[in-house]
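So the protein sequences, as listed, match chains A and B. One gets my numbering by counting positions in the first sequence from 1 and adding 217 to each. One gets my numbering by counting positions in the second sequence from 1 and adding 126 to each.
There are no misleading hints in this set.
Cβ-Cβ distance ranges computed for the label pairs, FRET-style:
(1) A390/A / F187/B: 36 to 42 Å
(2) A453/A / T381/B: 38 to 44 Å
(3) G315/B / F399/A: 50 to 56 Å
(4) A413/B / Y229/A: 55 to 61 Å
(5) L205/B / E454/A: 45 to 51 Å
Covered by chain B, per the in silico footprint, the following chain A stretches (three or more residues, Cβ under 8 Å):
(6) 250-261
(7) 266-275
(8) 284-290
(9) 335-345
(10) 349-359
(11) 431-438
Derived from the structure by calculation, the hints contain no laboratory data. Owing to the predicted nature of the structure, the values given are computational and were not obtained by experimental measurement. Heads up, the beta-carbon is just placed ideally off N, CA and C, and yes, glycines get one too.
Letter by letter, the chains look like this.
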Amino acid sequence: MNRKPAPGLYDYWPYAERPKIRWPGGAKLALWIAPNIEFYEYAPPTNPQRKPWPRPLPDVLAYATRDYGNRVGHQRMMRVMDKYGLRGSVSLSAATLIHHPEVIALAAERNWEFFSHGIYNTRYTYGLDEAQERAMIAESMALIRQHTGQNCHGYLAPALSHSEQTIDLFAEAGGLYTCDLFHDDQPTPVHTRSGRRFVSVPYSLELNDTITYVVNKIEPRRYGQMIKDAFDRLYAEGEESGTVMCVPLHAYQVSHPHRLRAFEEAMDYACGHAGVWKATGREIAQHYLEHHYDAALASIQSANHVGREGQA
Amino acid sequence: MSLGKEFLDYPMRRHGMDQDRYAWSMLAERAPVRWPGDKPLALWINLSLEHFPLNPDGAGFKAHGNMTMPYPDLRHYTLRDYGNRVGVFRVLKALEPHGLAASLAINGEVAVRYPALMQRLARTGFELLGHGWNMDRLHFGGMDEGAEAALIADSLAALGPYAGQPIRGWLSPARSQSHATPELLRKAGIDWCADWVNDELPYRFETANGALANLPLSLELEDRFIVGENLHAESEYADQMIDACEFLLEEAQRTGHGRLLALNIHPWVMGQPHRIKHLERVFAHLASRSALLWNASPSAILAAAMGAATL
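Okay, chain A solo, but in the shape it has when bound:
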């Protein structure tokens, strides 16, 4: 395979001197919470490039750890979000619509958004050919429409496993935004081969509870402080031009009894500020596409034109 040195999905665009983003109501910061509602399989086929579980099957510990989110965690997290008037943008393993419609109903009755996170979080994109990946994406979107009535506008690849075509395929299927890119604190235009108007909405790895708790092994109270610190900075910068802050969650991590309070305190802090737009991923993408996308394209073009002249 001919591997590219860079994804080529977006152009360089300095954070300084961009056209001002204005969020609805004059808000400085768009806050969105992305609960991952996932299903991890007991006995998935083993992808040649990535083992689903570290231990020999059955990996009882890993499987049960995830199942805790569905049995115990979602309602705890929902209670905190309800308290602060936060609607979730659900990153959904579409198979959960079939396995656990009871969980989906809880999110749907709260008017949460659903977007695609593949079929299962134990089925990776690696090795799928283009037709297979297109079919997988299409099925996940069709399941969301069939079970929730919503058109799926966002995508986060299952277990963050990508191909070179992932974003093109999702845009061609009618998607508006991707959560797979971590290059910015504001939405940005994304190149697609179809030329469709398509954007990246900042998700976050650094504030993602699974990354903080499982990968970076952060203490619960420190996680709460990190969210507050990120909020302070993005809120202050939002004075100049609107910023986006996302807190991606997994009920199997954040909802444990020694952890949920830290998230609650952080939301209490953030939501105690005026000028915070409590949004969903779709609302951010649509607002940006309607009001800021064209100005962004012009600004990017001009910034890079100047850059080339400077080099010459």
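Model the placement of chain B on the given structure of chain A, informed by the hints.
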């Protein structure tokens, strides 16, 4: 490049779980559990007493805590052995002033090697749980079923003389199971296991030899996991245990649904001299909440949660 058809085929996509061990249900939707005396929170403290052999073969995988250096890895062997010589006595002493009860999950090899320790432990009257043979003889998918049955039988036989009653509960080393473990445990007379951490209350768990119960022993609240794997400070560990206690108390009191705080403690971790005072702070906090806590043996907690009829 493409993948085989099976990668887009989902034979177990159906309502509920993708295996047949237990029924799908959400904790918040179940009939409320009520503990004796109408206390909102049950407290289960378990001490895991473990033997890490100097010559592990690592079959299945290498459990955390195992030897990592070239043979003979004296540093890790002795650091783990410390828990059974020194640490456990510190932890028992920390429980004592508060009258806190624990259960003891003990590797069979500990019992065989250290009868003097077992005699001391038997005097506590704490419930003994099977905990496999040692931390290298794991139960894992693909192992020989006869060998696994022998591991279970040997483990229970080693603890038997000190138990005072038939052993009912089981915690697999590293919470690892093969596909056959639940069947073999039931066949060996075990009533419940603690390996599946997908819940906070016990639930019915199906085997081909009749039902077990699963009484989850939290991994996320375990000392070895927090201090040993996540490398959090011992003071942080204590804060997290206290936060968990307060969170569950609040939820139980608000909803009227009994909750369970299940703490697994390794004397080789928290029994170190620089850590024990932090464990003592946890115990002191739990004791300060004793009016609201029902501290009991796991089999008593299971019976109160599920009723004898369930098993």
